Amino acid sequence: MTPERFAALAAAYGGAIDRWPEAERAAARAFRDAHPEAEAVLAAEAALDAALARWAVPAPGAALAGRIARDAARRRQAPRRLRLWLAGLGLAGALAGGGAIGAVLVARLVPAGGAGCSQSLTVLGAPVPSCGDAANWSDTL
Amino acid sequence: MPTGWAGRRGNRRRVGFREDMTDPEGDPDAPLLARIGMGEEAAFRTLMAHKLPRVHGLALRLLRDPALADDIAQEVFLRVWRQARAWRPGAARFDTWLHRVALNLCMDRLRRRREVAVADPPEQVDPAPGADFMLARDAESRRVEHAVAGLPARQREALVMQVYQGLSNIEAAAALGISVEALESLLARARRALRQQLEDLRP
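Order-wise, the sequence lines are chains A and B.
By this note's numbering, the letter at position 30 of the first sequence is numbered 30, and the numbering carries on one by one without gaps.
By this note's numbering, the letter at position 56 of the second sequence is numbered 56, and the numbering carries on one by one without gaps.
Rather than coming from a laboratory, the hints here were simulated on the basis of the structure.
It is possible that some hints are incorrect.
[As the list claims (entries may be wrong)] Cβ-Cβ distance ranges computed for the label pairs, FRET-style:
hint : chain 1 : residue 1 : chain 2 : residue 2 : range
1    : A       : Ala59     : B       : Val180    : 45 to 51 Å
2    : B       : Gly150    : A       : Ala59     : 21 to 27 Å
3    : B       : Glu199    : A       : Arg75     : 32 to 38 Å
4    : B       : Ala139    : A       : Glu39     : 28 to 34 Å
5    : B       : Gln197    : A       : Arg5      : 25 to 31 Å
6    : B       : Ala182    : A       : Asp33     : 27 to 33 Å
7    : B       : Ala42     : A       : Asp33     : 45 to 51 Å
8    : B       : His146    : A       : Asp18     : 24 to 30 Å
9    : B       : Arg35     : A       : Ala16     : 31 to 37 Å
10   : A       : Pro36     : B       : Arg45     : 34 to 40 Å
11   : B       : Ala86     : A       : Pro3      : 46 to 52 Å
12   : B       : Ala49     : A       : Ala26     : 32 to 38 Å
13   : B       : Glu41     : A       : Thr2      : 38 to 44 Å
Since we're looking at a predicted model, the values are computed, not measured.
Where is the CB? At the ideal position from N, CA and C, for every residue including glycine.
Let the sequences and hints guide you as you build the complete structure.
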């Protein structure tokens with residue numbers, strides 16, 4: 001440990017070697033023990049440490065932890081409920097939509113005179129394959 | 001990999017439990033986190049009993065606003081609760097992750113406060129946001145609070161992490177997302193400025 005490094009550590013981490021980087025503490029203590037002038041460096045920084053220690057902040061209110069815990073419990077449940085709700089909504093929507101589409105198709109494609117095979121048409125106006133011959137089916141596409 | 005968002009806009013840093021920020025050997029919070037990951041609310045409350053004052057204190061020292069500090073603490077611990085299930089021992093120390101998330105949320109709030117102040121300047125300029133609230137009645141405490149608040153942001157953050165949060169140099173550097181050398185530089189400059197301002201407070 002050089003005097004420069006010792007001074008740099010004190011300037012950055014303060015006057016308590018116990019708060020210095022762990023890897024350098026032993027060397028710093030050895031340096032301090034071997035160099036009496038090092039104590040003055042530490043003392044100057046320890047005075048600033050003492051001044052900084054006077055800034056006290058109040059502890060959080062007692063209700064805060066309870067509020068966070070309650071909020072957390074609700075949030076864990078919320079996604080599961082939301083997924084179930086969305087799944088239910090999707091199923092209902094699919095059923096309703098399917099029914100509506102079916103009703104529209106039946107109304108438009110089935111003539112009033114009945115659903116005779118010879119008059120069945122696709123939505124493009126072409127004969128339904130099952131009612132025509134195989135050659136005609138290829139033409140409808 | 002579980003992650004938590006906790007960064008500044010434009011320089012948003014993705015913070016993951018498993019990010020290799022510090023040596024995680026013997027992380028004392030690992031057993032508790034495992035229980036929280038299994039949905040144990042009692043374990044979550046125990047963790048808060050240990051960590052909430054530190055997280056809240058960090059936010060209070062950086063933001064100087066008790067309501068905002070409450071908000072930050074709540075957001076931090078809700079992230080813990082949501083992400084604990086995916087946490088695995090052997091990654092970053094939980095305490096470092098916690099500080100980094102809290103710090104980044106604080107920086108977000110400070111940035112927003114600056115944007116609001118610029119967009120809608122008050123008729124009477126407040127010299128320091130939150131200055132009307134004194135964190136302690138003690139005059140010396142207020143002196144130190146104001147002196148620290150007057151430091152450049154990164155110096156203030158480094159000082160709070162090292163002096164008041166008691167993080168090691170490696171942990172503080174990781175929480176700040178900087179090298180240990182950069183941390184030392186910030187700390188030295190911060191202390192040099194404070195030494196002049198707080199000269200008369202010395203014993």
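To see whether the hints hold, each was checked on the structure:
A hinted range of 45 to 51 Å is violated for the C-beta pair alanine 59(A) and valine 180(B), which are about 31 Å apart. Look at glycine 150(B) against alanine 59(A): about 25 Å separates their beta carbons, and that is inside 21 to 27 Å. At roughly 49 Å, the beta-carbon separation of glutamate 199(B) and arginine 75(A) lies outside the given 32 to 38 Å, and the hint is violated. Judged by the Cβ atoms, the range 28 to 34 Å given for alanine 139(B) and glutamate 39(A) holds: they are separated by roughly 31 Å.
Range check, glutamine 197(B) to arginine 5(A): Cβ separation about 27 Å, and the 25 to 31 Å hint holds. For alanine 182(B) and aspartate 33(A), the Cβ-Cβ distance of about 30 Å falls inside the hinted range of 27 to 33 Å, so the restraint holds. At about 49 Å, the beta-carbon gap between alanine 42(B) and aspartate 33(A) stays in the expected band of 45 to 51 Å. Between histidine 146(B) and aspartate 18(A) the beta carbon distance is about 28 Å. The supplied range of 24 to 30 Å therefore holds.
Range check, arginine 35(B) to alanine 16(A): about 35 Å between beta-carbon atoms, so the 31 to 37 Å window is met. Distance hint check: the CB atoms of proline 36(A) and arginine 45(B) are about 52 Å apart, inconsistent with the given range 34 to 40 Å. Distance hint check for alanine 86(B) and proline 3(A): the Cβ-Cβ separation is about 49 Å, which falls inside the suggested range of 46 to 52 Å. Separation of alanine 49(B) from alanine 26(A) is about 35 Å and conforms to the stated range, judged on CB atoms against 32 to 38 Å.
Here the CB-CB span from glutamate 41(B) to threonine 2(A) is close to 53 Å, at odds with the stated 38 to 44 Å.
When held up to the earlier numbered hints, the structure conflicts with 1, 3, 10 and 13 and fits the remainder.
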